[in-house]
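Participant: Take a look at the letters that make up each chain.
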Amino acid sequence: MLGGSATDRALSGVKVHIMVFKLRRRAFLQMALGTAAGIGGSLRRARAAASDAAKDAATIGWPNDVPSWDPNQRFTPDAQPIFKAVFDQPLDQDPQLKLIPHLIKSWNLAPDAMSLAVELRDDVTFHNGDKMTTEDFRYTFLDRIKGGVKLDTANSWKKVQDIVIESPTKATMNFSSPAPTAPQWLAFLGSFVVPKKYIESQGLDNFLKNPIGTGPYKLAEYELNSRIVLERNDAYWGPKPKVARVTIEIIKDPSARVAAIQSGQVDCTLNVPVREVERFDKEPGFAAELNPITRVILLQVRADLAFADQNVRLAAHHAIDKAALSKAFYAGAAVPLSVPATPGTPGYLNDFTFKYDPALAKELLAKSNFSPANPVKIGLAATNGQFPSDYDMARAIVQMWKQVGIDADLQVIEYAKYFELNRASKLPEATLYSWDNGTGDPEIFTGYMLNPKMPFSAWKDEEVGQKVLKLFNVADYDTRIAGYRELNRFAVDYGASVPLLQSVLTVVHKRNLTYTKYGNGWLLPQTLQWT
Amino acid sequence: MIATVVKLMARRLLAAIPILLVVSALLFCVLRLLPVDPAAMSMPPTATIAEIEVKRREMGLDRPLPQQYLIWLNDALHGDFGRSIVFRREARSLVAATLPVTIQLALAAMVLAAVLGVGGGLVMFHVRGTLFEPLADFVSILLLSIPEFLWGLILLFVFGVALHLLPFTGQVAPGLPLPHITGFLLLDALLVGRFDVFVSACQHLILPAVALGLAFSPTIMRVLRSSLFDIYHEDYIEQARLRGLSEGHILLGHALKNASLPTLTLAGVQFGILFSGTLLVEVIYSYPGMGNLMVDAVRNADLPLIQTIGLTYCVVVLVINTAVDSLYVLLNPKLRVR
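Chains as they are written, first to last, in this note's numbering: chain E, 155 to 685; chain L, 13 to 350.
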């Protein structure tokens with residue numbers, strides 16, 4: 155019987171519905187479990203694969219992306235190690251920051267520092283196989299700049315009048331005025347040799363999409379604000395990197411970087427909070443470091459407003475307990491500084507100390523008729539989040555000043571606005587600032603800080619200015635360094651410079667992953683090695 | 013019915029033009045009123061005041077504000093939104109590269125929020141008048157009071173760090189390629205036949221989408237419950253009971269459909285808010301979307317980029333609202349008659 159009774163048909167319909175529901179429910183549950191298992195399994199497989207490939211790959215959690223893949227375009231100290239993986243600089247620095255040959259085999263700065271003769275290696279090729287020659291060198295440091303490409307290097311190399319090519323490996327840079335730090339700048343911000351033929355034939359936009367350099371890694375993959383994948387350049391002229399593939403995950407949030415290293419999603423990370431370094435150091439499997447680097451935390455001071463009074467400037471300096479700041483914000487690892495130079499760099503003075511002395515600060519203020527009851531009013535600008543504990547440190551300084559009779563109005567500024575405010579003379583008496591100088595050269599510390607003609611300097615004063623400007627033209631290295639050492643002492647005693655601490659770089663990595671420590675804080679992918 | 017919807021969409025899109033003009037003008041003026049000099053910001057630190065002046069003239073910043081706006085508008089209508097100060101690339105190309113990532117995340121979060129919101133709303137309604145009602149209320153208020161970035165951190169530490177269940181950085185696992193066809197990674201992975209990339213992208217999407225979804229679901233829950241309360245006072249509910257329909261049938265077959273209309277309106281509004289919520293969640297999860305880009309732009313006072321992203325947010329919200337209104341017409345026969 156096909157149909158049966160109405161009741162039977164109805165019941166059979168109900169059964170079919172129930173069956174369909176059961177089947178659907180079963181299918182749904184199976185699908186859900188399958189998906190969960192798939193995800194779990196895929197994660198396990200991914201971890202297993204990652205473990206197998208561990209010796210040949212490493213992942214770093216990095217705080218910032220590169221601003222552009224044109225390495226000459228923007229001065230970004232944090233991007234320098236990434237650029238150094240893909241591109242090469244004419245000169246390099248060893249871990250102690252001594253200048254060493256790199257693309258340039260030998261160099262000779264003329265006694266008057268008006269020219270620099272260089273000899274390049276003849277075994278260097280770009281990632282596309284093109285040979286690197288002095289044509290590329292000239293293109294990088296002269297032609298691109300004169301050609302009107304908007305590059306930050308246009309300012310660092312504006313003294314270059316000409317680059318005379320003598321052969322594919324020999325050239326001479328001629329300067330319009332003495333350039334005693336030209337060799338240092340060849341290993342500093344933005345000075346990376348780029349491929350002339352490739353950029354001219356492919357265009358700048360294509361170069362930015364598919365950048366090539368002569369560095370130890372090739373850029374294999376790039377996703378804006380997310381990931382940079384580097385693959386070993388097997389044709390590299392120098393020592394080959396030990397790790398074949400390095401992935402740089404851009405993780406801007408410090409807590410997320412901590413979580414990423416904790417969970418094993420990255421093998422190494424930097425710029426994590428100091429308290430996390432202390433915690434990781436106690437955990438098995440991790441190594442955590444607080445590395446002092448060539449970065450100075452200081453107060454950029456003005457020579458006018460309330461700081462026109464030397465007593466007030468010196469009192470402000472004597473009132474700051476730098477050791478307490480270091481202990482409170484850097485676990486004591488940041489070295490208190492008396493001069494604007496870090497230990498081990500040429501401008502540092504071992505025998506000079508500017509003492510913390512609140513009583514003396516009060517005495518100095520009293521000479522100018524100020525006291526805690528009648529405080530001198532000044533402004534203090536600080537960034538919030540630009541470098542570790544910047545704003546908290548500024549608040550602590552305000553409190554220290556209050557004790558001696560300095561009433562500071564704390565203002566938060568954006569780091570990006572520092573230069574604009576400085577140019578317009580809108581900075582207050584003091585600005586808390588972190589000064590990076592990967593070279594360690596005193597010109598790029600004190601020289602730039604106090605040169606009234608440069609935008610880095612908040613201090614605009616003829617007496618100190620003349621001393622600085624003279625040093626910019628001293629060609630002899632020893633004489634120049636001696637001059638800066640003397641200037642460092644004078645500037646601090648004069649109240650033109652208020653250095654506070656040597657900054658530290660926090661690094662957390664798996665214990666079996668090592669890297670070469672550089673005095674300027676570079677964490678170079680090409681130095682990573684699994685042990 | 014389709015004709016009504018098309019007409020409505022056309023009307024809405026036409027109305028969007030003056031809205032966009034007003035928003036763009038407001039954005040332009042507000043950004044110009046900020047104490048930031050775009051000419052100075054776009055030059056290297058070593059640039060002199062004279063060089064900045066030249067740049068200022070080049071950028072047209074020496075002209076009156078209305079004239080500056082008209083120049084910008086003319087350029088924008090020709091597809092030129094200016095160059096990013098930070099990235100020194102066309103702002104348009106940066107937004108184009110990151111917008112699909114954010115839309116994908118926001119859609120996934122919205123679907124989750126809708127599922128959780130509707131499910132939670134039904135549960136809350138179901139337990140009304142029972143001992144569980146205060147508990148349901150407490151849970152919904154708790155969910156409501158936790159913002160998306162906090163959910164982001166909580167989920168990251170629980171599922172990423174403590175349980176090691178899910179990844180939480182980027183879009184896919186290191187080592188896997190990122191196919192670029194439409195910009196929507198899930199779709200692109202399927203288009204190139206990379207199931208491994210698809211699975212990895214799903215894994216990476218879960219935590220940020222849940223963080224956003226959890227933050228926005230309680231509003232949907234509570235509105236749905238309130239709507240159901242109202243609808244249960246309508247006569248047709250009582251009539252359904254008299255017809256002998258089960259409570260489940262009445263709820264799911266009759267009341268839910270009508271209660272979903274105000275919920276849908278709310279979801280449309282919520283999507284706009286949720287879209288802006290991607291900002292912090294993308295930073296926490298290193299998700300390379302437009303929110304992440306906006307944080308960079310704001311941090312560096314990159315005015316051309318802020319303006320382009322701001323305008324894009326506005327366009328997305330307008331499009332979503334138009335879509336929701338159209339859906340509303342499709343679901344509500346009364347509006348179709350009119």
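It should be emphasised that the hints constitute simulated quantities derived from the structure, not laboratory data.
Do not rely on the hints blindly, as some may be mistaken.
[As the list claims (entries may be wrong)] Quick list of simulated restraints, FRET-style, between CB atoms:
#: 1; chain 1: L; residue 1: Glu70; chain 2: E; residue 2: Leu358; range: 15 to 25 Å
#: 2; chain 1: E; residue 1: Asp297; chain 2: L; residue 2: Ile83; range: 29 to 39 Å
#: 3; chain 1: L; residue 1: Val281; chain 2: E; residue 2: Tyr545; range: 30 to 40 Å
[Claimed, not checked] Using 20 Å as the maximum straight-line C-alpha spacing, the simulated PhoX-like pairs for lysine-lysine come out as follows:
#: 4; chain 1: E; residue 1: Lys312; chain 2: E; residue 2: Lys300
#: 5; chain 1: E; residue 1: Lys285; chain 2: E; residue 2: Lys396
#: 6; chain 1: L; residue 1: Lys67; chain 2: E; residue 2: Lys300
#: 7; chain 1: E; residue 1: Lys312; chain 2: L; residue 2: Lys346
#: 8; chain 1: E; residue 1: Lys509; chain 2: E; residue 2: Lys481
#: 9; chain 1: L; residue 1: Lys346; chain 2: L; residue 2: Lys269
#: 10; chain 1: E; residue 1: Lys614; chain 2: E; residue 2: Lys624
#: 11; chain 1: E; residue 1: Lys621; chain 2: E; residue 2: Lys607
#: 12; chain 1: E; residue 1: Lys304; chain 2: L; residue 2: Lys67
Every residue, glycine too, gets a C-beta built ideally from N, C-alpha and C.
Participant: State for each hint whether it applies.
Facilitator: Going down the list of hints, with the structure as the test:
1. As the Cβ distance of L/Glu70 to E/Leu358 is approximately 19 Å, the hint placing it in 15 to 25 Å holds.
2. Checked against the hint of 29 to 39 Å, the C-beta distance between E/Asp297 and L/Ile83 comes to roughly 32 Å, which is consistent with it.
3. L/Val281 and E/Tyr545 have their C-beta atoms about 36 Å apart, which keeps the hinted 30 to 40 Å range intact.
4. Taking the CA atoms of E/Lys312 and E/Lys300, the gap is near 9 Å; set against the 20 Å cutoff, the hint holds.
5. Pair hint E/Lys285 plus E/Lys396 does not hold up; C-alpha atoms about 24 Å apart against a cutoff of 20 Å.
6. Distance check on the hinted pair: L/Lys67 and E/Lys300 sit about 17 Å apart at the alpha-carbon level, within 20 Å; holds.
7. Distance check on the hinted pair: E/Lys312 and L/Lys346 sit about 73 Å apart at the alpha-carbon level, beyond 20 Å; violated.
8. The suggested pairing of E/Lys509 with E/Lys481 holds, with an alpha-carbon distance near 17 Å, which does not exceed 20 Å.
9. Restraint check for L/Lys346 and L/Lys269: satisfied, since their Cα atoms lie roughly 14 Å apart, inside the 20 Å limit.
10. Proposed proximity of E/Lys614 and E/Lys624 is supported: the alpha carbons are some 15 Å apart, at most 20 Å.
11. Among the hinted pairs, E/Lys621 with E/Lys607 is consistent with the structure: their alpha-carbon atoms are about 13 Å apart, no more than 20 Å.
12. Proximity of E/Lys304 to L/Lys67 is assessed by CA-CA distance (about 11 Å); at most 20 Å being required, the pair is judged to hold.
Of the numbered hints stated above, those contradicted by the structure are hints 5, 7, listed in ascending order.
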